[in-house]
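Number of protein chains: 6
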Amino acid sequence: MRFDEAYSGNVFIGSHPNYDESQVVIYGMPMDWTVSYRPGSRFGPGQIRKVSIGLEEYSPYLDREMSEVKYFDAGDIPLPFGNAQRSLDMIEEYIDKLLEEGKFPLGMGGEHLVSWPVIKAMYKKYPNLAIIHMDAHTDLRTEYEGEPLSHSTPIRKAADLIGPKNIYSFGIRSGMKEEFEWAKENGMHIAKFEVLEPLKKVLPSLSGRPVYVTIDIDVLDPAHAPGTGTVDAGGITSKELLASIHEIANSDVQVVGCDLVEVAPIYDHSEQTANTASKLIREMMLGWCP
Amino acid sequence: MRFDEAYSGNVFIGSHPNYDESQVVIYGMPMDWTVSYRPGSRFGPGQIRKVSIGLEEYSPYLDREMSEVKYFDAGDIPLPFGNAQRSLDMIEEYIDKLLEEGKFPLGMGGEHLVSWPVIKAMYKKYPNLAIIHMDAHTDLRTEYEGEPLSHSTPIRKAADLIGPKNIYSFGIRSGMKEEFEWAKENGMHIAKFEVLEPLKKVLPSLSGRPVYVTIDIDVLDPAHAPGTGTVDAGGITSKELLASIHEIANSDVQVVGCDLVEVAPIYDHSEQTANTASKLIREMMLGWCP
Amino acid sequence: MRFDEAYSGNVFIGSHPNYDESQVVIYGMPMDWTVSYRPGSRFGPGQIRKVSIGLEEYSPYLDREMSEVKYFDAGDIPLPFGNAQRSLDMIEEYIDKLLEEGKFPLGMGGEHLVSWPVIKAMYKKYPNLAIIHMDAHTDLRTEYEGEPLSHSTPIRKAADLIGPKNIYSFGIRSGMKEEFEWAKENGMHIAKFEVLEPLKKVLPSLSGRPVYVTIDIDVLDPAHAPGTGTVDAGGITSKELLASIHEIANSDVQVVGCDLVEVAPIYDHSEQTANTASKLIREMMLGWCP
Amino acid sequence: MRFDEAYSGNVFIGSHPNYDESQVVIYGMPMDWTVSYRPGSRFGPGQIRKVSIGLEEYSPYLDREMSEVKYFDAGDIPLPFGNAQRSLDMIEEYIDKLLEEGKFPLGMGGEHLVSWPVIKAMYKKYPNLAIIHMDAHTDLRTEYEGEPLSHSTPIRKAADLIGPKNIYSFGIRSGMKEEFEWAKENGMHIAKFEVLEPLKKVLPSLSGRPVYVTIDIDVLDPAHAPGTGTVDAGGITSKELLASIHEIANSDVQVVGCDLVEVAPIYDHSEQTANTASKLIREMMLGWCP
Amino acid sequence: MRFDEAYSGNVFIGSHPNYDESQVVIYGMPMDWTVSYRPGSRFGPGQIRKVSIGLEEYSPYLDREMSEVKYFDAGDIPLPFGNAQRSLDMIEEYIDKLLEEGKFPLGMGGEHLVSWPVIKAMYKKYPNLAIIHMDAHTDLRTEYEGEPLSHSTPIRKAADLIGPKNIYSFGIRSGMKEEFEWAKENGMHIAKFEVLEPLKKVLPSLSGRPVYVTIDIDVLDPAHAPGTGTVDAGGITSKELLASIHEIANSDVQVVGCDLVEVAPIYDHSEQTANTASKLIREMMLGWCP
Amino acid sequence: MRFDEAYSGNVFIGSHPNYDESQVVIYGMPMDWTVSYRPGSRFGPGQIRKVSIGLEEYSPYLDREMSEVKYFDAGDIPLPFGNAQRSLDMIEEYIDKLLEEGKFPLGMGGEHLVSWPVIKAMYKKYPNLAIIHMDAHTDLRTEYEGEPLSHSTPIRKAADLIGPKNIYSFGIRSGMKEEFEWAKENGMHIAKFEVLEPLKKVLPSLSGRPVYVTIDIDVLDPAHAPGTGTVDAGGITSKELLASIHEIANSDVQVVGCDLVEVAPIYDHSEQTANTASKLIREMMLGWCP
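Protein chains in written order, with the numbering used here: chain A, 1 to 290; chain B, 1 to 290; chain C, 1 to 290; chain D, 1 to 290; chain E, 1 to 290; chain F, 1 to 290.
Careful, some of the hints might be misleading.
[To be verified] Taking lysine-lysine and the DSS-like style, the derived pairs with C-alpha atoms no more than 30 Å apart in a straight line are:
| # | chain 1 | residue 1 | chain 2 | residue 2 |
| --- | --- | --- | --- | --- |
| 1 | C | LYS177 | F | LYS70 |
| 2 | A | LYS177 | C | LYS70 |
| 3 | F | LYS70 | C | LYS239 |
| 4 | F | LYS125 | A | LYS200 |
| 5 | A | LYS200 | F | LYS70 |
| 6 | D | LYS97 | B | LYS239 |
| 7 | F | LYS192 | A | LYS201 |
| 8 | E | LYS177 | B | LYS192 |
| 9 | C | LYS239 | F | LYS125 |
| 10 | E | LYS239 | B | LYS200 |
| 11 | E | LYS177 | E | LYS200 |
| 12 | C | LYS184 | F | LYS239 |
[What the hints assert, rightly or not] Here are some, though not all, of the chain B residues that point toward chain E, as calculated from beta-carbon distances under 10 Å:
| # | residue |
| --- | --- |
| 13 | TYR37 |
| 14 | ASN128 |
| 15 | THR142 |
| 16 | GLY146 |
| 17 | ARG173 |
| 18 | GLY175 |
| 19 | LYS177 |
| 20 | PHE180 |
| 21 | VAL202 |
| 22 | SER205 |
| 23 | LEU206 |
| 24 | SER207 |
| 25 | HIS224 |
| 26 | THR237 |
| 27 | SER270 |
It should be emphasised that the hints constitute simulated quantities derived from the structure, not laboratory data. Small disclaimer: the values here were computed from a predicted structure and weren't measured. Backbone N, C-alpha and C fix where the C-beta goes; we use that ideal spot for every residue, glycine too.
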């Protein structure tokens, strides 16, 4: 019986009790206020933690156990409801601090816009940064119905900051014609519909570079991830996404941070999406963290 | 067969085809970006319209048919996702216009903050305005975790504008101690837990005054309205809420506008809350509109 | 603000406001009264329209935008509850009129029996008609428990009318032994289990012919379409179904009308099936309409 | 272990194995093809049986055990999908036979139209029949959108047959103005909104008469019966409905048959409505059967 | 930002960080392996904690804030899946320790059998113990289908231990005839159907005595608590249950421990039952703890 | 009309009425008390029976009809809630009797631990028994949190009894490192991630041997089987599982018994998993029974 310390039941399974000794920090970014369709990804991080209790701590894919990586679940960043700009500022400041203290950031969304301040912070530290982006959607808009802060814009903002040529998108199957054209004209890499095969082709060219990987859970087919804001038929399977994570793990790319976003538990009636997300996070951590 | 006009299937049942000839305008305010707990009320107006098809057009309570009131369903105000201030400005401008053109505004939320700009507009036209507020929550905060624009604040904003003595809250069973104390110290009327009996006592004193009625669906017990953002046990029944609407209808109060807010369809698995809301709107319209 | 016209919120996204100027007409056939298992497809068309708001208006598969096709959403045909024969008569008359006025009919079910009167009408105009049928079920019964009007019979009725040799079924994985035998004996084409590969083989032989395509959403695996009346494991993926639609689009077949049937929202808890259906309709329209 | 007889797992709990020795017959009427709103009551009888396993076999209200009544669950009448007229004919013939053999009929719907052929059969045997009808809806239409066979019509048909003065409706809170007027003009008894108190007043006048009781589960408030086709706020509680059943049990009325209709499991996500229905049936049987 | 300590997100809102300084200990007993009907109450404590974030920390009923009581959420007792006897032993040992250290135990179930070892421990410390039991069910069986360890037996076990005359049950509406008879013959107090009124009569006779209060959430009507293992129509409202808690709070009874059991989140689709449970726990704590 | 025999509505479709004349016996093992994560598989057999009504009785894969096999659905074994050891003893005794009487056992779980007593009984009759095991999980633990009777242990128990070399596991993607190592060291066959291809390689070596096949439904990807206790992303499709069943059917293996376990209806919101399970059982029976 443990009466000598505060209860900490809802952490990602196997989380190390001490921040200082940990190399990886898992954190939630519970923001969904700019989504144009179905909200609810604010509850994503909490749900992923909750179902992580069902995970085995060993990966038979990577032959590695979670005890081999010291990670600390720092909880959710307390973002102010409905204030997008202040939320983004808080996230950026948070990541700045993590990077300053030498931690590997592993974020859980929340809507995809949360990746934008993380990328800003990463870029300050890694001027040679490349981004691997797996998603159903281009996310290349400059604004959505007049709002420049929208979940449809993060990759465009990132492209404007680090250069479109340093962004590699995979699995894209939805977007405006203008977005696809802009990407093409600006030398951004977009692999339509597929992830694994084009990834295999791209990875060698990224050898040795620092890479931030951002995964929107809706890159999966709705069959594999019904619990997300904007489902879109024709996606990849969870088997393919796992293989893609392992492909990166086995490459010479230097992953320096990553996130998994857009899990929306209220549309995830059998907890299928959250369970899948928790397994993906295990594989991301075991495959990409030193 | 009707090939000669655009299909308009999802309007509140019985909506008049012509705005100009209508005395009442029904409109949706699909905003939920400042809610601190469960989002989704952005889909409330659409769902209420959809299930309104199950309504009979006659009220045996009031012995009146919907054909006796000309109302026009104007659809949802196209609010910008995630931008609270701009959304509120758009609502206020919208209501200004409605009032200018002599319409009776009947709004559907959306989170409760949407009532704030409506009240501002109403007050410009009716300086003697009183507010009848039915809700589980005080909504008297000045800010929520640093945000002055929050769904916990609309009644406080209204009280600051038109004077706390002109606000009559009913059914309140949740709030901070400070909120209850502020109300007491400032002469605002709060009927805790109950609606019908205290309403009967208050109505005579409001005789002849212009009154705006704002109903948060969570004044109902969760048994009667599970589909809302913040459920709170110990509420009233739908029977009591109907009787309260009829009590106002039979009083000498002059209702000059009203709203029903916080229906959140994603937590309303059997459409129970939306069906109830559509019936409440029918009774509000038949009971309160000339 | 749009006060000058009736609200028409729930139309298929991008619907043209004018019937006369449109080349394609989208319509719902909200009938489910003869289904032997799980009802509810009567709500299919409404739900598909509702979620169509989440669609991008551009297809990266076909590099075509919805603005390039003029289509008019005519709403649901007001079918009489529980009267199968009268419902079928109304549908046939409706399609007769559409064809007479030169429109391309794109129907949304409703149970599969609704395709039968559509095919009757098509055949009157196109005596050389062939049918491409994608489905989990043969639908070749002559009656179901004594009822000749049943959702298990439409393809048999079509075969009896236009000749079994002009029917091409794909993806079939369920039916009575007698149905499969009848098909074989009568020269009807049935591709069991698969769609894309057998379709590639068949299409050249249909070159130039007028073809009506009827898709039962249950041709998809239940993982991809849980929200339908009769799910049946072992189906195809939405990726394969999209590819099949594109295969037809890129062939020399002349599609003269089409439908998508059996979406049942009450079994579609995360709106996954309806979302998929709305995307399929976009691809059918962009791929098959001139 | 019981290998010597066919498994009969899904019967109403405590059903007697032998038809001939039983005084009461429970049967399902799985028909929902004329409902104008939400279908699914075809699955009502099966679901009520399934959850009846959770019932105690003793009623502390009536101090009686189910073993004191011999009842036989005869399963569902195999009604033909989508054929309303033939379904009604089969039900009437079925009840004729039950009555001929001296059984007390206790039916489970299915939509409310199924009560119509039962009442026809009862009236043949009991020319002095009165009907107690508990429902949210008048069900007094002569047709619905042109269809004379509709779930909105059974009480009107019954009134036309046995005389409106012999019909006593309770709890009615929805209907067309014309229906209420017709009832009034023709001397039919309608107690609006309430059940228990008006029932207490009516029962003495029915003393000794043969009475058929038909209960539409939607007489309950949606809070108590979300799983039904047409929910309508402002209804009674399950406590009041139980008390009403007991009131009849303790009166001098001679109940000669009864039914409980409109349980629709697909809208009953926690099986609440079906559980309540199974308890109501226990109380109806223990209270009304000799 | 809080990087210096382990994240403890899922505790009952407002939990004190230090066990030693706390007077009340909240703990979960996540056991459901002996339930005869619907399992899942093992997840009750976690869900109640999760939704407690929606609670206001002030009770307008009792005019008291949660900050006035120091309570420590100790998490769930790690009970061994499927081993009832060992689970009960662990709970008893756990409570022994809590009582030894002068804590007020406030337990969350789990199935009702968990109350049995708690009562055993309480009785060791308080030989004059009385029990107030609110429940739909008698729970007076000696065994269930041969198993003496069953969720149908805890109150019988308690009666055998502390004497049936010291047990006061309220709201009972389900049980075997034998159970009611045993209670009567042995002088146990059972108030059928009602809670508040009989409680008012009983409380004076318990004045000054140490009392353990055990509440089965199914004492509420299914409308108010659909998310539980065995729902039973005809129960009380959450308003009445709240009033009953307050009645005890305002009496001279000395509550020395309490629990709330049988919340089953998988049947609680809109989190209604868990939200109600979290409010009940707040009121129990603010009303009953010194 | 069938008044002459007890109603037996909820049997697996097409079940033969007579045990003695049947060669196959289908039975349920409704036990879930040792599961460590999500319970509810106790309701699996009942739900599979219920939805089996939607099955066609012909397999177009095997060109065989269910009428060609005489099978008797014997219902559920009445296992005592919460007593694992006694439950396992009852199952073993049950299977002993079935085998003694020459029946082919086809079991439906329940949790996977139920396979353990079946295998014990099979091994007594077939000392040369081999086991084909399809599952996401190794199930090779010796205990779970101190409990030797756990749903994580059945395959280890079987391996200890019949020898690890006689166990062939397929589709495994989850387990502790120690489990995989133990399997390797002891010559047990584990095919990670895949089923069909490794099965093709293994089957020739099992030619002529008596084989018991145990399928945990979670070998399917969560997209194909959301309704199970422990979902795990990256699984196979239902198409692949069907093909694997047919591969065994077409081999020279002598299947002498089989089961399908871990269907948990409360997480199966559209009945998708249960429908798939009922089809798998049809194919297992038609493919494997003489």
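Against the structure, the hints come out as follows:
no.: 1; hint: LYS177(C) - LYS70(F); result: holds (18 Å)
no.: 2; hint: LYS177(A) - LYS70(C); result: holds (18 Å)
no.: 3; hint: LYS70(F) - LYS239(C); result: violated (40 Å)
no.: 4; hint: LYS125(F) - LYS200(A); result: violated (52 Å)
no.: 5; hint: LYS200(A) - LYS70(F); result: violated (53 Å)
no.: 6; hint: LYS97(D) - LYS239(B); result: violated (43 Å)
no.: 7; hint: LYS192(F) - LYS201(A); result: holds (26 Å)
no.: 8; hint: LYS177(E) - LYS192(B); result: violated (42 Å)
no.: 9; hint: LYS239(C) - LYS125(F); result: violated (48 Å)
no.: 10; hint: LYS239(E) - LYS200(B); result: holds (21 Å)
no.: 11; hint: LYS177(E) - LYS200(E); result: holds (26 Å)
no.: 12; hint: LYS184(C) - LYS239(F); result: holds (24 Å)
no.: 13; hint: TYR37; result: holds (5 Å)
no.: 14; hint: ASN128; result: violated (30 Å)
no.: 15; hint: THR142; result: violated (16 Å)
no.: 16; hint: GLY146; result: violated (15 Å)
no.: 17; hint: ARG173; result: holds (6 Å)
no.: 18; hint: GLY175; result: holds (6 Å)
no.: 19; hint: LYS177; result: holds (4 Å)
no.: 20; hint: PHE180; result: holds (6 Å)
no.: 21; hint: VAL202; result: violated (19 Å)
no.: 22; hint: SER205; result: violated (24 Å)
no.: 23; hint: LEU206; result: violated (24 Å)
no.: 24; hint: SER207; result: violated (29 Å)
no.: 25; hint: HIS224; result: holds (8 Å)
no.: 26; hint: THR237; result: holds (8 Å)
no.: 27; hint: SER270; result: holds (9 Å)
When the structure is compared with the earlier hints, violations turn up for hints 3, 4, 5, 6, 8, 9, 14, 15, 16, 21, 22, 23 and 24 and for no others.
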